[in-house]
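A.B. asks: If you read the protein sequences in the order shown, they are chains A and B.
Numbers -2 to 176, taken from my numbering, label the letters of the first sequence in order.
Numbers 685 to 792, taken from my numbering, label the letters of the second sequence in order.
A portion of the hints provided could be inaccurate.
[What the hints assert, rightly or not] Label pairs and their calculated CB-CB ranges: (1) A:P125 with B:L743: 25 to 31 Å; (2) A:R24 with B:R695: 17 to 23 Å; (3) B:L743 with A:R43: 37 to 43 Å; (4) A:R76 with B:E700: 33 to 39 Å.
[To be verified] Subject to a maximum C-alpha distance of 25 Å in a straight line, what follows is the list of computed SDA-like cross-link-like pairs (lysine to any residue): (5) A:K168 with B:K686; (6) A:K168 with B:A703; (7) A:K168 with B:W750; (8) A:K157 with B:R688; (9) A:K168 with B:E691; (10) A:K39 with B:E718; (11) A:K39 with A:W67; (12) A:K168 with B:D687; (13) A:K39 with A:H62; (14) A:K157 with B:F690; (15) B:K686 with A:G172; (16) A:K157 with B:E689; (17) A:K39 with B:R710; (18) B:K686 with A:T158; (19) A:K168 with A:E112; (20) A:K157 with B:D692; (21) A:K39 with A:D28; (22) B:K686 with A:W67; (23) A:K157 with A:R122; (24) B:K686 with A:R143; (25) A:K157 with A:G5; (26) A:K157 with A:R63; (27) A:K157 with B:A703; (28) A:K39 with A:D141; (29) A:K157 with A:E170; (30) A:K39 with A:R147; (31) A:K39 with A:R127; (32) A:K39 with A:F7.
[What the hints assert, rightly or not] Simulated coverage check for chain B against chain A, where a stretch passes if three residues somewhere in it have a Cβ under 8 Å from a Cβ of chain A: (33) 686 to 698; (34) 710 to 720.
In short, the hints are calculated from the structure, not lab data.
No residue lacks a Cβ here, since even glycine has one placed at the ideal position from N, Cα and C.
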Amino acid sequence: MGTDAELGAFLEQVERRAFRMAELVTRNPEDALEIVQDAMMKLVERYRDHDSSEWPPLFYRILTHRLRDWQRRRRLRFRWLSVWSDRREDDPDGADPEPPDPVDSDPTRLLQAREGLEALLEALRRLPDRQREAFMLRVWEGLDTRQTARAMGCSEGSVKTHLSRAMETVKREVGAHWP
Amino acid sequence: MKDREFEDWARARLEEHEAALSAEIRRRLRLGREVALESSTRLRWRLPMVAGLATAALLLLAVGLWWPHSLPTVPGEPEDLVLLIEDDPEFIADLEFYEWLESQDGTG
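Isolated chain A, as found in the complex:
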């Protein structure tokens, strides 16, 4: 069983990466901060008495669920906005809602990216959610396949498949920026 000091140290160790992961999905620092804090609260409330070796997959599982929930709510909101917009399209004073697709679809953007990081982040944003999760947890966070499967709530085989596809896509997209 981990101690409170160990739990604090664990959260300190993961909070910045967790924020960057959340920001990659939300593209909004305020939403990302809220999601990360919520994940920290839930880990502490529910799993503080678990063995400290269980915290990484549990924390990222909570974070992953919160991000999926955020995306679901966002899609729903845009769906309603889209319906509202259709009904008001003849209204010259009608507000112009944000486009529903969070991905920048401009094909020249990637080519114009000057730094590898920008290209990498852009490639990660374009990935399907599960592939991005597998890439971030395995490559960045360094979880092993079993821990990643637990964090994502899927089988180890699925993790390998998602990671393989993610690697293939990301390498292809940032290829020109990789030294």
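Chain A is already provided as a structure; the job is to place chain B on it using the hints.
C.D. replies: Positioned in the frame of chain A, the structure of chain B alone reads:
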């Protein structure tokens, strides 16, 4: 391009990205962590205590109402007992001691 080399390159870029976080975001993350740890600690200590106090008070009230002579003499109304327990949670645990003390006063 080998996977391992690409992974190392990607990890290095992402770590640079992490290191570039602003002081303000770091401060708010630290604050969020502290709030998470503190609020949970308060909750963890309060819940059993409140539940324990409530259970003990209800039990004593029930026993007192249905079997008034089962308890050592406690001055005042049942509500006073609740207040007494709230002020001194260890009172319940020490009841036997008070009873013994009272008996000593009578004999000593």
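A.B. asks: All hints, please: hold or fail.
C.D. replies: Each hint, compared with the structure:
1. In this structure, P125 of chain A and L743 of chain B break the distance hint of 25 to 31 Å, their C-beta atoms being roughly 57 Å apart.
2. R24 of chain A and R695 of chain B have their C-beta atoms about 22 Å apart, which keeps the hinted 17 to 23 Å range intact.
3. A hinted range of 37 to 43 Å is violated for the C-beta pair L743 of chain B and R43 of chain A, which are about 30 Å apart.
4. For R76 of chain A and E700 of chain B, the Cβ-Cβ distance of about 37 Å falls inside the hinted range of 33 to 39 Å, so the restraint holds.
5. Proposed proximity of K168 of chain A and K686 of chain B is supported: the alpha carbons are some 10 Å apart, at most 25 Å.
6. A hinted pair counts as satisfied when its Cα atoms are at most 25 Å apart, and K168 of chain A with A703 of chain B qualifies at roughly 23 Å.
7. Annotation: proposed proximity of K168 of chain A to W750 of chain B is violated, straight-line Cα distance about 77 Å (limit 25 Å).
8. As the CA atoms of K157 of chain A and R688 of chain B are separated by approximately 15 Å, the hinted pair is consistent with the 25 Å bound.
9. With a CA separation close to 10 Å, the supplied pair K168 of chain A and E691 of chain B stays within the 25 Å bound.
10. At most 25 Å may separate the alpha-carbon atoms for a hinted pair to count; K39 of chain A and E718 of chain B meet this at roughly 13 Å.
11. With a C-alpha separation of about 16 Å, the suggested pairing of K39 of chain A with W67 of chain A holds against the 25 Å cut-off.
12. Of the pairs offered as hints, the one joining K168 of chain A and D687 of chain B holds, with about 9 Å between alpha carbons and a cut-off of 25 Å not exceeded.
13. Taking the CA atoms of K39 of chain A and H62 of chain A, the gap is about 12 Å. The hint holds against a cut of 25 Å.
14. About 16 Å separates the Cα atoms of K157 of chain A and F690 of chain B, which keeps this hinted pair within 25 Å; it holds.
15. Distance restraint check for K686 of chain B and G172 of chain A: the Cα-Cα separation of roughly 12 Å lies within the 25 Å cut-off, and the hinted pair is therefore satisfied.
16. Among the hinted pairs, K157 of chain A with E689 of chain B is consistent with the structure: their alpha-carbon atoms are about 18 Å apart, no more than 25 Å.
17. Between K39 of chain A and R710 of chain B the CA atoms are separated by roughly 20 Å; this keeps the pair inside 25 Å, and the hint holds.
18. This hinted pair checks out: K686 of chain B and T158 of chain A have alpha carbons roughly 17 Å apart, not beyond 25 Å.
19. Note on K168 of chain A and E112 of chain A: the hinted pairing holds, with a Cα-Cα distance of about 15 Å set against a maximum of 25 Å.
20. Simply put, K157 of chain A and D692 of chain B have alpha-carbon atoms about 18 Å apart, close enough for the 25 Å limit, and the pair holds.
21. Distance restraint check for K39 of chain A and D28 of chain A: the Cα-Cα separation of roughly 17 Å lies within the 25 Å cut-off, and the hinted pair is therefore satisfied.
22. Proposed proximity of K686 of chain B and W67 of chain A is contradicted: the alpha carbons are some 35 Å apart, above 25 Å.
23. With a C-alpha separation of about 19 Å, the suggested pairing of K157 of chain A with R122 of chain A holds against the 25 Å cut-off.
24. Using a Cα cut-off of 25 Å, the hinted pair K686 of chain B and R143 of chain A holds, with the two alpha carbons roughly 23 Å apart.
25. Distance check on the hinted pair: K157 of chain A and G5 of chain A sit about 31 Å apart at the alpha-carbon level, beyond 25 Å; violated.
26. The straight-line distance between the Cα atoms of K157 of chain A and R63 of chain A is roughly 23 Å, inside the 25 Å bound, and the hint therefore holds.
27. A distance of roughly 28 Å separates the Cα atoms of K157 of chain A and A703 of chain B; the hinted pair therefore is violated under the 25 Å criterion.
28. Restraint check: the Cα-Cα separation between K39 of chain A and D141 of chain A comes to about 23 Å, which is no more than 25 Å; the hinted pair holds.
29. Distance check on the hinted pair: K157 of chain A and E170 of chain A sit about 20 Å apart at the alpha-carbon level, within 25 Å; holds.
30. Restraint check: the Cα-Cα separation between K39 of chain A and R147 of chain A comes to about 17 Å, which is no more than 25 Å; the hinted pair holds.
31. Of the pairs offered as hints, the one joining K39 of chain A and R127 of chain A holds, with about 22 Å between alpha carbons and a cut-off of 25 Å not exceeded.
32. Annotation: proposed proximity of K39 of chain A to F7 of chain A holds, straight-line Cα distance about 14 Å (limit 25 Å).
33. For the stretch 686 to 698 of chain B, the proposed coverage by chain A is satisfied: 8 residues have a C-beta within less than 8 Å of a C-beta in that chain, meeting the threshold of three.
34. Here's how the stretch 710 to 720 of chain B fares: 8 of its residues keep a CB closer than 8 Å to some CB of chain A, so the rule of at least three is met and the hint holds.
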